[in-house]
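Those protein sequences? They're chains D, G and W, same order as listed.
Using my numbering, read the first sequence as starting at 1 and increasing by one per residue.
Using my numbering, read the second sequence as starting at 1 and increasing by one per residue.
Using my numbering, read the third sequence as starting at 1 and increasing by one per residue.
Hint data in this document are derived by calculation from the structure and do not stem from the laboratory.
Certain hints may be false.
Stated by the list, open to error - For lysine-lysine, the following DSBU-like pairs were computed, each having C-alpha atoms within a straight-line distance of at most 30 Å:
#  : chain 1 : residue 1 : chain 2 : residue 2
1  : W       : Lys-525   : D       : Lys-445
2  : W       : Lys-342   : W       : Lys-357
3  : G       : Lys-94    : W       : Lys-270
4  : G       : Lys-60    : W       : Lys-413
5  : D       : Lys-39    : W       : Lys-270
6  : W       : Lys-357   : D       : Lys-39
7  : W       : Lys-193   : D       : Lys-181
8  : D       : Lys-62    : W       : Lys-342
9  : W       : Lys-357   : G       : Lys-122
10 : D       : Lys-222   : W       : Lys-193
As the list claims (entries may be wrong) - Across the chosen pairs, the derived CB separations fall in these ranges:
#  : chain 1 : residue 1 : chain 2 : residue 2 : range
11 : G       : Asp-113   : W       : Glu-206   : 29 to 37 Å
12 : D       : Ile-196   : W       : Glu-206   : 47 to 55 Å
13 : G       : Asp-82    : W       : Gly-56    : 40 to 48 Å
Claimed, not checked - Looking from chain W toward chain G, a few residues come up when the C-beta cut is under 8 Å (computed):
#  : residue
14 : Gln-154
15 : Glu-519
16 : Ala-523
17 : Arg-524
Ideal placement from N, C-alpha and C gives every residue a C-beta, glycine not left out.
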Amino acid sequence: MRYLPLTDADRREMLSVIGAKSVDDLFKDVPASARLGAKVAGLPDHQGELEVERAFQAFAAKNVSPGTAPFFIGAGAYRHHVPSTVDYMIQRGEFLTSYTPYQPEITQGTLQYLFEFQTQVTLLTGMEVANASMYDGSTGTAEAVLMANRITRRHKALISGGLHPQYRSIIETTAKWEGFKAVLSKADAEGLEDLIASVDKDTSCVVVQNPSFFGHVRDFTKLAEACHAAGALLIVVVTEVVSLGLLKPPGDMGADIVVCEGQSIGNGLGFGGPYVGLFATRDKYMRQMPGRLVGETVDADGKRGFVLTLSTREQHIRREKATSNICTNAGLCALAFTVHLTLLGEAGFTRLSELNHAKASQLADKVSAIAGVKLLNDSFFNEFTVKLPKPAAPVVEALAAKGILGGLPVSRLIPNDPSVENLLLLAATETATDMGMDPLVAALKEVL
Amino acid sequence: MAVTKYSQEHEWIRVEGEVGTIGITQYAQEQLGDVVFVEVPAVGRKVAKGEACAVVESVKAASDIYAPASGEVVEGNAALADTPGDVNAEPTGKGWFFKLKLADKAELDGLMDEAAYEAFVKSLG
Amino acid sequence: MVQSLDRSQGREGGGREGGGRAGGVAAGATSTHGTFTGNRALQIEEPLIFEMGQPGRCGVDLPEPPKVKDRLNGLRRARTIGLPGLSEPQVVQHYTRLSQKNYAIDMGVYPLGSCTMKHNPRINEKVARFAGIGDLHPLQPVSTVQGALELIDQLAHWLKTLTGMPAVAMSPAAGAHGEMCGMMAIAAALEAKGERAKRKVVLAPESAHGTNPATAAALGFTVKPIPANDRGRVDLAALKAALGPDVAAIMLTNPNTCGLFESEIVEISKAVHDVGAYFYCDGANFNAIVGRVRPGDLGVDCMHINLHKTFSTPHGGGGPGAGPVVLSAALAPYAPYPWIVKDGDTWRVAEDGGALKSLGVDGAPLGRLKAFHGQMGMFTRALAYIMSHGADGLKQVAEDAVLSANYVMAALKDVMSPAFEGPCMHEALFDDSFLKDTGVSTLDFAKAMIDEGYHPMTMYFPLVVHGAMLIEPTESQAKEDLDQFIGALRSLTERAKTGTAAEEFKAAPRFSPRRRLDETLAARKPILRWRPSNNPPEGDPMKQAAE
Chain D
1 MRYLPLTDAD
11 RREMLSVIGA
21 KSVDDLFKDV
31 PASARLGAKV
41 AGLPDHQGEL
51 EVERAFQAFA
61 AKNVSPGTAP
71 FFIGAGAYRH
81 HVPSTVDYMI
91 QRGEFLTSYT
101 PYQPEITQGT
111 LQYLFEFQTQ
121 VTLLTGMEVA
131 NASMYDGSTG
141 TAEAVLMANR
151 ITRRHKALIS
161 GGLHPQYRSI
171 IETTAKWEGF
181 KAVLSKADAE
191 GLEDLIASVD
201 KDTSCVVVQN
211 PSFFGHVRDF
221 TKLAEACHAA
231 GALLIVVVTE
241 VVSLGLLKPP
251 GDMGADIVVC
261 EGQSIGNGLG
271 FGGPYVGLFA
281 TRDKYMRQMP
291 GRLVGETVDA
301 DGKRGFVLTL
311 STREQHIRRE
321 KATSNICTNA
331 GLCALAFTVH
341 LTLLGEAGFT
351 RLSELNHAKA
361 SQLADKVSAI
371 AGVKLLNDSF
381 FNEFTVKLPK
391 PAAPVVEALA
401 AKGILGGLPV
411 SRLIPNDPSV
421 ENLLLLAATE
431 TATDMGMDPL
441 VAALKEVL
Chain G
1 MAVTKYSQEH
11 EWIRVEGEVG
21 TIGITQYAQE
31 QLGDVVFVEV
41 PAVGRKVAKG
51 EACAVVESVK
61 AASDIYAPAS
71 GEVVEGNAAL
81 ADTPGDVNAE
91 PTGKGWFFKL
101 KLADKAELDG
111 LMDEAAYEAF
121 VKSLG
Chain W
1 MVQSLDRSQG
11 REGGGREGGG
21 RAGGVAAGAT
31 STHGTFTGNR
41 ALQIEEPLIF
51 EMGQPGRCGV
61 DLPEPPKVKD
71 RLNGLRRART
81 IGLPGLSEPQ
91 VVQHYTRLSQ
101 KNYAIDMGVY
111 PLGSCTMKHN
121 PRINEKVARF
131 AGIGDLHPLQ
141 PVSTVQGALE
151 LIDQLAHWLK
161 TLTGMPAVAM
171 SPAAGAHGEM
181 CGMMAIAAAL
191 EAKGERAKRK
201 VVLAPESAHG
211 TNPATAAALG
221 FTVKPIPAND
231 RGRVDLAALK
241 AALGPDVAAI
251 MLTNPNTCGL
261 FESEIVEISK
271 AVHDVGAYFY
281 CDGANFNAIV
291 GRVRPGDLGV
301 DCMHINLHKT
311 FSTPHGGGGP
321 GAGPVVLSAA
331 LAPYAPYPWI
341 VKDGDTWRVA
351 EDGGALKSLG
361 VDGAPLGRLK
371 AFHGQMGMFT
381 RALAYIMSHG
391 ADGLKQVAED
401 AVLSANYVMA
411 ALKDVMSPAF
421 EGPCMHEALF
431 DDSFLKDTGV
441 STLDFAKAMI
451 DEGYHPMTMY
461 FPLVVHGAML
471 IEPTESQAKE
481 DLDQFIGALR
491 SLTERAKTGT
501 AAEEFKAAPR
511 FSPRRRLDET
521 LAARKPILRW
531 RPSNNPPEGD
541 PMKQAAE
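Only chain D is shown next, with the shape it has when bound in the complex (with noise of 0.2 Å):
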């Protein structure tokens, strides 16, 4: 077998070193009665390569990729370019299959570009520190609002109705299993929402998304200062990180702690994972951040290097009373981010944004003309809300039925709720052109 370099002379030199008679002796410990014997039972044998491809054009051929139909769906994930340098570079050895850097010796690879990626990541946020990235941006949320709890030593988080409803349902489930209260606000579809008078001396945290997951772009200043007159934080999350190249910064909003979802730069959508999340707040808040973080220092001769530090608040030495239980970065996911903005750079990231928005906009002329289609957007980035004269599901099943990608109805997420049961979420990004945009067009007048 092609991965296994021991031969059977092999083992028995190393059985007769050993002592052993044959391996099963090295198996002793385990009970008569949880013996197998034989392999289990009931699955293939191995396989060279060409089956496994095969197996896995199978499982391709059945779906639909987007690449080749009209696409224009966002809520949370979105399609970009990236650049092919990216995957070239994640996939040498040296980065694909390191491990976290314990010994920073010989790991300074790892280390210098997570520092590069915690520096990036307190730019594009406006923030003061950020950490070597969460698992993605909809964990990432849940542990904000833990760290907030842990912070004001309060338990009742505020969430907008404009966070996304999967980050919603995420942070109800840890609340409910880990002891505090989430108060959820109801689905803001038209962005009106406004907080500041549900903040009160109990609340530990707002949690609001920028843009929201219905498209709106707003300020969030008035209500930073709301909280932090109450003593609570404020967090904002973004779903969508490209929308940093041409927005105020949640940072300079005032915003406590900001959580993005990084997967729009060098990750693909990868049909939801894995995907990396960017997590920034305030110096004074530093120790209360869970993750892992990088930090610079010197080596025996005096020069820079770079290690994990402030380790201690993890589960490995604090046990019980760490900051959180988690063990692992997004490793690979943050190391293609950075090359990808490394890529892009100040010049490009502004650029990819301005195209971004004029796709979108481009797109929204097109579709609020359409009899019937009402665009609930007043401002928004690449991604909006339509309100369509019947329910949304089924018009893009049928859209889907004509090859075509045509958004997200709300009511997938949102489910049972008739005030949304007709919203259809819609993004354009760089990827979008005319020749999928009046497909869509004339697909939607057909169906409505």
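Given the coordinates of chain D, assemble chains G and W onto it according to the supplied hints.
Below, chains G and W alone, put in the same frame as chain D:
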């Protein structure tokens, strides 16, 4: 006349009048290694004997500091924010953590005196 | 503010101006290593991107955006971000040079105990990138992703069959996340029985990985330790004494973190179930038994599986991982959303409340732990690995892993000090008693291994053994490579035992891209990002030199 007592968690408390100054012992700082961060309780906080009220972090470990006696915090050592290494350099001197106005001096009777603490440390091997 | 680096000065000089603590070369002088640049052949000193960029450089060509009216609610960014500009060649060079400072599995033995650093097959990477797999949006209409759902289900089927468990929750993003899922499922089961309030205690061995107590404590449980016996395994009598109606669960790793199979595990699970508690198994060490032993046969209620350990998905410098959790019949109803369900010939996804009922499926999901469906990229890679090995190959994997660890143990036990008598499973645990009176610590020994061309083994874990050294060779090493590794350790041990080599070990590593780094300084004065200012801290050797 100051009296110093020791807890099994390697804290010392030096009592003068109604106020006790608390820190960790030489043995504790050796075990911890280089101290990188100390968190002391806020002035005014009331702590119970045995309650975790401060944290000391080194590069490889983090430990809670437990109040050896009940009382109200009257001062925390602010200097440790800038020079946590004071805990290693002078654990019984400038490396003190916080001061308590003691609620019940009788609680000190349950703590070890210097000779008993030294014997205790020896027994740890 | 960024500046380009003058190569004639050497990168170390530019690094200093970047506001870091870099020491190194004054312009024009010969470096301590005997080169002008401070580089040593293939080992290049590398600045930060912020020290390399130039405005006006960009590594991507994008078309001019059409002019549109702003619809940004007046919130257009007013100031620059501060990102450096680099061209594509510079970017490739930067990351290539950085990569050359990393040790990796691709380079040789990576004996990190409990991490299972096995070979990462490249077929995994190839299939993960197939169009129609790697590029799917998670929220496309379900009719357009039937193949993706089938793929996830096939992996689920393999995991359930290999473990002998009826259900699996696929969405956790990492091992620790899987632990959280398993323990939440237990909390949900207790709540459904009205017992959550009375069962507040979770038992875990002192040798457990820190994520175990961290997870339990986060869920409001009180963690009590279970002592080990002198054979390094759970003390069954002590466990039974600790079990009672207030216990929610035990959390055990099997094989345990000392690399030993818990021989009394069936009695343990029976005792736990007899008091109405649940058995969480940390599956980090599944590589020792995969294909040969099914945790379901041992009485486990839930076990997370680290796809990035047992099933070869790449470690990638620390992530991403994936931690699906296999569940017993008692816990299966509580698996979090999403549930992938077959409805006739069609795959459907139940994503939230009410969805299960409308699909006619019974269940009481504990909620949702992650957006979308889980770490699909890791599912694809793990499934490719599993299909490549098959049932026969996976059994061989466990056997070769256990054989290799025992071989290393047997070949070293006369000069190093195994922590426990008798054979181990897939990892060999030593303590530091063999270094007694040498002046060399576990840390020093590990750093000396670096100079010999090896990543050190896991150090100081598990905590229950003094100066622990945990070696996990995995099944991926050829015998000759194991022999070379063993030889290196024997030589180092011999050198240490002369009693006169302590200084030498403390100076290690000498040949790596960086020597030992000052972790105390990093923690006392955290610098967690680059800044354009130029303020070296107190104690900076260059500042002192300048004064």
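Hints versus structure:
Under the criterion of a C-alpha separation no larger than 30 Å, the hint pairing Lys-525/W with Lys-445/D is inconsistent with the structure, at around 62 Å. Taken as a hint, the Lys-342/W and Lys-357/W pair is honoured in the structure, with Cα atoms around 14 Å apart against an allowance of 30 Å. Distance restraint check for Lys-94/G and Lys-270/W: the Cα-Cα separation of roughly 55 Å exceeds the 30 Å cut-off, and the hinted pair is therefore not satisfied. Restraint check for Lys-60/G and Lys-413/W: the C-alpha separation of about 29 Å stays at or below 30 Å, so the hint holds.
The hinted pair formed by Lys-39/D and Lys-270/W meets the criterion: a straight-line CA distance of about 26 Å does not exceed 30 Å. Proposed proximity of Lys-357/W and Lys-39/D is contradicted: the alpha carbons are some 38 Å apart, above 30 Å. Using a Cα cut-off of 30 Å, the hinted pair Lys-193/W and Lys-181/D holds, with the two alpha carbons roughly 22 Å apart. Distance restraint check for Lys-62/D and Lys-342/W: the Cα-Cα separation of roughly 15 Å lies within the 30 Å cut-off, and the hinted pair is therefore satisfied.
For the proposed pair Lys-357/W and Lys-122/G, the alpha carbon gap of about 66 Å is over 30 Å, so the pair is violated. For the hint pairing Lys-222/D with Lys-193/W, the CA-to-CA distance comes to about 46 Å; that exceeds 30 Å, so the pair is violated. The hint said 29 to 37 Å for the Cβ distance between Asp-113/G and Glu-206/W, and at roughly 32 Å that hint holds. For the pair Ile-196/D and Glu-206/W, the beta carbons lie near 49 Å from each other, so the given range of 47 to 55 Å is met.
Look at Asp-82/G against Gly-56/W: about 42 Å separates their beta carbons, and that is inside 40 to 48 Å. With a cut of 8 Å, the hint placing Gln-154/W at the interface with chain G is violated, because the nearest CB-to-CB distance is about 44 Å. Evaluation of the Glu-519/W hint against chain G yields a held restraint, the C-beta minimum of about 5 Å falling below 8 Å. Taking 8 Å as the C-beta contact cut-off toward chain G, the hint placing Ala-523/W at the interface holds, the least distance being around 4 Å.
Residue-level restraint check for Arg-524/W holds (minimum Cβ-Cβ distance to chain G is 5 Å; threshold 8 Å).
When each numbered hint is compared with the structure, violations occur for hints 1, 3, 6, 9, 10, 14.
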